[in-house]
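J.: Residue strings, one per chain:
Protein chains: 2
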Amino acid sequence: MKTYYDCIPCFIRQALEAARFTTPDETVQELVLREVLYAVGKMDLKKSPPVMGQHIHRIVRKFSGSNDPYKKVKDHFNKYALKLYPALKEMVKKSPNQFETAALIATAGNIIDFGVNTKLDQSVIDKAIENALSEQIVGSIKKLHKAVSSSKKILYLGDNTGEIVFDRLFIEQLPADKVIFAVRGSPIINDATMSDAVDAGITDLVRVIDNGSDAPGTVLEECSDIFRQSFWAADIIIAKGQGNYETLSNENKNIFFLLKAKCPVIAEHIGCNIGDIVVSQATDLQLKKNKPNS
Amino acid sequence: MKTYYDCIPCFIRQALEAARFTTPDETVQELVLREVLYAVGKMDLKKSPPVMGQHIHRIVRKFSGSNDPYKKVKDHFNKYALKLYPALKEMVKKSPNQFETAALIATAGNIIDFGVNTKLDQSVIDKAIENALSEQIVGSIKKLHKAVSSSKKILYLGDNTGEIVFDRLFIEQLPADKVIFAVRGSPIINDATMSDAVDAGITDLVRVIDNGSDAPGTVLEECSDIFRQSFWAADIIIAKGQGNYETLSNENKNIFFLLKAKCPVIAEHIGCNIGDIVVSQATDLQLKKNKPNS
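Protein sequence lines, in the order shown, are assigned to chains S and C.
First residue of the first sequence: 159, per the numbering used here; consecutive thereafter.
First residue of the second sequence: 159, per the numbering used here; consecutive thereafter.
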């Protein structure tokens, strides 16, 4: 997906929110804003929005002096999700369709996105999980189930911390020996990295690799060789979250996107409403690749 | 009022909306966006937001190739307000407090602001006028009435087209020989200029001058000598709209601000809610001149 003009004011808003989130120092906040304005002004709009997100958060980290400014909320949401885990595990166990229930909970967990909302609290997650099972979804979990059943190599692209505990519930429904779970290569917003996969208990279930990149998505040309090999070798990719959607929506590969639509540009690109739960094969989405900007 | 960090993403959103409003050409829209990002990145934040608004709309005019891209909506809203005028004039006439009723209608008319909303339609104006007489106001029209009664020189700073027809209703309640009405020096967004004052019939009532500037507010150091003389000679200034508030809130002068609060930063600066009708003497407002940015 390219960057739409509507993404541009949103980048600046996100940069301001990130600057305020990472430092109370107004001089630093202003430096971040000015640097981001300059960077966005030069941006190649053919690239996907997470490429700019990556750049913005490099600026935020540089000026805030912290390599992982979201560390505290990352740990907090991992712990909170782990607290919910036993009850949700029980819910999945008792469900008539365990695969579907686990997939829905994992997708609802995609609400934990500090790139979209830095003021997120636990009640938002409780509500998203609570509503997950009754909401209409965009796509077909049955189709995903069928694709998983006939696959030999499944690459599961994680997204955020906290959320990956819900991913664990879903991964427990997949054939462990066929799954590779991938995290980001280094800290970016509240996205999950290797230590989060360890905390969430995913490393005990399946092979986990990192993608070698600090983009809040999957910018293939920047990823490590090992990740890229796993990507192209997989029969099916399960890609969580908006960032993975934005960066991979144009790839010619069997991808299922699992996300909660939180941004108007992405919702329009997918052809769904904000708030919708999407569990859909790329080829089934009405991708408006050449949608105009006006 | 200084420019707050929250104004910065809003500038970019406004620039995009203005670019889309003035041209369907996406290449031009992108040029405007990039030029505005660069300009905002260098901006002196001690200056008020309309100084940047002025700059943004100079860029919009330069790239769109039109000296007055809002001409059509300006004429449309003048005509629409003139259509409403006879009934409103009658309403004022029959009102137990004509001064108050006219002041409220004039202030409600401040909703016609294309800097804030380029998708404004007539129903929004109808509703604003309809609600004007029943809404709680911030400030005191009685105080304004008293100040007007004891003044010898009243300078009335207009704001938008359409709105100035409602201003005419209020000006009819003021001592005509004591009033100077001021408009912008040249086209900026949908702000009123001399030809609009003629169309609205204000030139038949009182002396009208232009301020010599293309800022969407009153940037004194840029205004003409004649305007500045009128400004400093006045006993009382009646300043309409957010732009005049933003540019004059720090001036040591007897100013009454009449506006409809449409932006969260201004509402917080004034200490009111979005949507509030404000008719208040500057000295009565809890101006947070050194309010921090975080």
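Be a bit skeptical, because a hint or two may be false.
Straight-line alpha carbon distances no greater than 27 Å define the calculated BS3-like cross-link-like pairs of lysine-lysine that follow [claimed, not checked]:
#1 Lys-204/S to Lys-220/C
#2 Lys-220/C to Lys-311/C
#3 Lys-200/C to Lys-220/S
#4 Lys-277/S to Lys-311/C
#5 Lys-251/C to Lys-200/C
Quick look at which bits of chain C chain S covers, simulated, 3 or more residues with Cβ under 8 Å [said to hold, decoys possible]:
#6 161 to 174
#7 219 to 229
#8 370 to 379
Keep in mind that the hints were calculated from the coordinates and are not lab data.
Cβ atoms here follow ideal geometry from the backbone N, Cα and C, with glycine treated the same way.
J.: Enumerate the violated hints, using their earlier numbering and listing them in ascending order.
T.: Violated: hints 2, 4, 5, 7 and 8.
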